[in-house]
Amino acid sequence: MSLDLPLTRNVRADRSPTDLKAYEANGGYRGMKAAIGKLSPADCLQIIKDSNLRGRGGAGFPTGMKWSFVPMDDASPGHKYLICNADEMEPGTFKDRLLLECDPHQLIEGMICAAYTIQADLAYIFIRAEYHKAAELLREAIAACYERGYLGNNILGSDYSLQMQVHSSAGRYICGEETALISSLEGKRANPRAKPPFPQVSGLWGRPTIVNNVETLCNIHHIIERGADWFQGLGLTEDAGTKLYGVSGRVKRPGCWELPIGTPIREIIERHAGGMEDGYRLRGFLPGGGSTDFLTPEHLDLAMDYGTIGKAGSRMGTGTMIILDDKTCPVGFVKNLMEFFARESCGFCTPCRDGLPWSAQVLDDIEGGRGRPEDMDTLARQVEFIGAIGNTHCALAPGAMEPLQSAMKYFREDFERHISGSACPFCDGGAH
Amino acid sequence: MPTITIDGVAYEVEAGRNLLESCLSLGLDLPYFCWHPAMGSIGACRQCAVVQYQNAEDNRGRIVMGCMTPVTDGAIFSLSGDKARHFREAIVESLMLNHPHDCPVCAEGGECHLQDMTVMVGHRDRHYRGRKNTHRNQYLGPLINHEMNRCITCYRCTRYYRDYAGGTDLAAMAAHDHIYFGRHQEGVLQSEFAGNLVEVCPTGVFTDKSLVHDYTRKWDLQSAPSVCTACAVGCNTIPGERYGRLKRVHNRFNAEVNGYFLCDRGRFGAGFVNSDRALEFPGLREADGRYRALDHHDALHRMMDSCAAGKVAGIGSPRASVEANYLLRLLAGTDNFAPGFSDAEQDLVNLALRLQQQSAAVTPDIRTIESADAVLVLGEDVTNTAPRIALALRQSVRNKAYEMAAGLRLETWQDAAIRNLAQQQRSPLFIAAVADTPLDDVATRRLSLAPEGIAALGQAVAAGISGAASATPGSTSGEAVDIVAALARASRPLVIAGTGCGSAAVLQAAAEVANALCSSGRQAMLCLCVPEANSLGQAMLAGPKAPNLGALEERARAGEIDTLVVLENDLYRRGNSAGIDALLAECRNVIVLDGLDNATTSAATLVLPAANFAESEGTLVSLEGRAQRYYPLFQPREERRPSWVWLLACMKELERPDVHSLHHFDDITRACAADIPALAGITAAAPDLHYLNLGVKIPRQPSRYSGRTAMRANISVHEPKQREDEETPLAFTMEGLNRSQPGALLPWVWSPGWNSNQSLHKFQTHAGGPLKGGTAGVRLLHPGAAGGHRISDITAPATAAASAAPDLWQLVPRPRIFGSDELSALSPGLAELVVPGFIELSPADAGRLGVATGDGVDVGDGIATLEVRVNATMTTGCAGYSAGFAGSGNLAPLARVTLQRAANWQRRPQLIGSDRGNGSGSSHV
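Line by line, the protein sequences give chains D and P. In terms of the numbering used here, the first sequence is residues 828 to 1259. In terms of the numbering used here, the second sequence is residues 1409 to 2333.
Mixed in with the good hints there might be a few duds.
As the list claims (entries may be wrong) - Within a straight-line C-alpha distance of at most 25 Å, the following computed DSS-like cross-link-like pairs (lysine-lysine) qualify: (1) P:Lys1953 with P:Lys1719; (2) P:Lys1491 with D:Lys1022; (3) D:Lys1236 with P:Lys1491; (4) D:Lys1022 with D:Lys876; (5) P:Lys1808 with D:Lys1015; (6) D:Lys1236 with D:Lys1138; (7) D:Lys860 with D:Lys848; (8) D:Lys860 with D:Lys876; (9) D:Lys1022 with P:Lys1808; (10) D:Lys1138 with D:Lys876; (11) D:Lys876 with D:Lys865; (12) P:Lys2170 with P:Lys2180.
Honestly, the hints are just simulated from the structure, not real lab data.
Okay, chain D solo, but in the shape it has when bound (with noise of 0.2 Å):
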């Protein structure tokens, strides 16, 4: 057990779930406890708040801060709800399933934390349909802990009551999306909603909500145990606390660890993914999952961290990072993440509905070898349309442009190979 890793410290070798009764044994609740009844929500928002923790879903957006917006006391009298949102669909991404098949109670404890901080009385977990075995285990965690006391009316005697519930999404990228996620869970279609209102004060059914990332509710309990200064102190920049960091791609062991946040890229790739796999070569890298710009071999001595690469062009994101390699077609990757964000728009707004199937196609044109010049004027014409937030109803679009934009910055030349030899030169048949 090593407490500088404290999300992951009850993930076994065979990843095999921790019940109630080993998770409790390991230090678990502890958190809870110290909240409940110990602490006011006040005080547990200011915890969270000097902690400096950034939301893990990939915006990065202080969890403290989001949680000041909601409406406290005699303020809103009524419901308000805390969401987990683990519909984790982004490309490339699988840490917050490990958390969740790995230490249920993890979650549950952190969000019974954060619900008693906004004074939350109904939670859900929105959660992935494939994460079927992990909705299982949650359901089981949940229920053991409702016979235990730690969820239900008076929670360990006090006058806080919070009920939990888990609901399988029906399956789509944008339901990870906050607000998208709360028309879904509404029973509506999964459209995002414009804001002004945000969340924290008009969200679920109207109501003042929260939602947020698995792996940002699993630090809560830890912050709150053991204070903003020890979390603050296990990052190693100006970013706080731990992060689950990702490889996948051609590296000799893709994996999913926990390391201190600020850990150099290098250091991730080299060191905890074992480096290239024999005959390939890193020509780039995707830092924060399928939405986020291209790095390039000069970036690896990086801080993985949301300012530094926000500084080098791109986004942490998830902070799990796709690896493109010599011998794969940079066109063909950004072809296949564009037809999964074209598939995956919600159809609510004009850009992100017939922009980006557009793209796909103009790209499916170039890796077809049916490709023409202006096509990058295309290309570029919708990349300046489509990617600026604000042009879009939401993130959904600009996101979707993230690898477009980049690729045509580093790989241009492979563009215009595609287009000038009217072939993939990664292909058979290709020139290469």
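We have chain D; now place chain P onto it with these hints.
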């Protein structure tokens, strides 16, 4: 008022609006699709993008959506900058990826908002070279055509259909660029307001089926401002004509009467104008059943001779104009003029008029109804009797949501945000009716009660509001407590009742509730529905002492009537057939003026073909007491003449001194106003014949009207001279000016670059606001001016004292939107939706009679035989019948009758696996 800067120019704009509305109000062209002035903003189409700058130093700016951006003081925008223009062009280019290039064969072409916006943004060259997505179209019923390939996914249709109109059977389905707007399976759209999809859709997905099948482009339509004649709400319409046929009816905006929307009875119910049952020549039906046409002069002389020879009585009509009724009243004499209601209805309409004249409560218009924050509906099924009011009530229940939104400082146009905030929370709406109503889904509670129970509930509520203990303890008193509490909490409570359930006591009780609210210091509203387009005007004209049909029948039997003149009225709809037979048989001459052949024209000794609403001018008084003028759309065929023309000509021939100075339509209006105090205001309903718009008349034909020569080329290549309109300020030509005239005279909306109905904002004081020329019509009731007579001083007419008996059922009218109105039910598409006449019974009563849905029941002693519908919500002891349907004149509302299972009843063949009604022969696209 905030000042904003747009492209370097400072403008003062109205606070609380979004930038798109503000731009349109300023006359700046900013393209849009998903925003609608009545439905607010959701930010889906991204078409109204502009660039907003943080401050004067910011020279990059960022793209924001006009419809989602509040106007705040000092905000700086650019509409014309390259960044915004290129973005808006890219939006149209994206929308056009999958939009077919079928404008030449699309029913929307020429009035398509997508065409206009495409031209406006300057998109021309296509860069996309992929295939277009295609969809299957659905059969959506006889009224609306579906062509999904044209969809640009603006979500207006489902937002209108579901969110605004409360429909459930049209939805957005699938995702990404496969979004499909339709029903879960083919079938008739269930909403009574589905037709507005035709105008809400910015392109040609939802089009008017009757127009599609008998097509004319907007630019070739001759139009005139008109008023819907299908119920008493008086919605303003723009009917369009070509080749002497009515092609379609569009909404004519009136901020106080109908806003942007019509009901389907109004939109699709004018097709009777083209009916082959239309009478074209004067004549009479001979004994062998053949119609013998007479020469115009011959007919007129016969009429004159008949009227000169002996005692004349006249029966007017609540569906005919004030002017025609007034002339008939002059001809017959005040004491010999019956207004033409059924006897029971005459008492009810008179009572409704008196209650409104003497109530302290406001008689609300539609906009005021929408502002109500608590509503009590007593007995009236408004969706089926005054449908546009039901649509307004669906908006009134949203006042709770606006209240909540104000707490979060959300502007009212933030539609999605407000709906998400309020969810199912609504302002109180209580409905008491004999059975279910289509508004139940938004009602706080709907109570099934017999008419006397509804009246007792109303009285209990009135007593509760006055602070008196409930005088009528019983099962309703608990409900009354809740209703009292809701109304007492409201600042703008509304009480609705009407003649629809046939009970004077219910009308009285509603007025008592409204008065009690007024007495307790609230500004209450009282809306009393009456059945027909001019019911209220007719009551004003005839007065409370006018004889009814029963009185005329007695006089006829006594030999006191030689000549009976019937104006636009099928009497067999007004009374039992034996009585009408006797009335007509006892009069030597029966002269009937009407537009369509019916049972009464068949019994006439002389028929004069009367022009319908599309061929004549007239004034109608709506249920809120608003006098409104309609104008002829085209010249009547053959010998058809407006009724007022026939009557005036006859009286001129008779050298009647009272018409000596009457020459024109306006003269009759003025004479009527001078003669009848209650109608004194009608001259102000619209400008008279002499009105000129900057020196010219108002053109019925738009400036792009084409093919005037070709139109009749198969008959003669010589183009006939355009008819001169000698009665109204409108001209049957393209020449003239359609700008800034009074709202009552707006024949079409069109503005350069804005060819669709979206051009309306160019005619409004601000986007969504009233017309620049003023709101059409004049109110004849002066709301709340009476200061509140004691309603109990107004005695309700005694209803037939038939007491309840275990073996008797009380007949209660159950009007239907499609079928209860005489003329609209004869319109082709709509006729397919008219169900067979029915009688509704509670399951207990059906059990007692041993009948099930689809069986027949004999009513009384051979009065009628009707098909049974078992309705679990029907009050036991009541039998709801299809009021206004053929033969229902024999059924007297509230009468207590025997019922028994009909022998020899042939059940209709059951429809299998389809919800298409009886839409036989409908094209299946």
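Hint check results:
1. P:Lys1953 with P:Lys1719: Status holds; Cα separation ~20 Å.
2. P:Lys1491 with D:Lys1022: Given pair Lys1491 of chain P, Lys1022 of chain D holds - Cα atoms ~23 Å apart, limit 25 Å.
3. D:Lys1236 with P:Lys1491: Holds: Lys1236 of chain D and Lys1491 of chain P sit about 22 Å apart, inside 25 Å.
4. D:Lys1022 with D:Lys876: holds (23 Å)
5. P:Lys1808 with D:Lys1015: holds (22 Å)
6. D:Lys1236 with D:Lys1138: Since the Cα atoms of Lys1236 of chain D and Lys1138 of chain D sit roughly 16 Å apart, the hinted pair holds (cutoff 25 Å).
7. D:Lys860 with D:Lys848: holds (16 Å)
8. D:Lys860 with D:Lys876: holds (20 Å)
9. D:Lys1022 with P:Lys1808: holds (21 Å)
10. D:Lys1138 with D:Lys876: Cα-Cα ~24 Å, so holds.
11. D:Lys876 with D:Lys865: Answer holds: Lys876 of chain D to Lys865 of chain D is near 18 Å, not above 25 Å.
12. P:Lys2170 with P:Lys2180: Roughly 9 Å separates the two Cα atoms, so the pair holds.
Violated hints for the displayed structure: none, as all numbered hints are satisfied.
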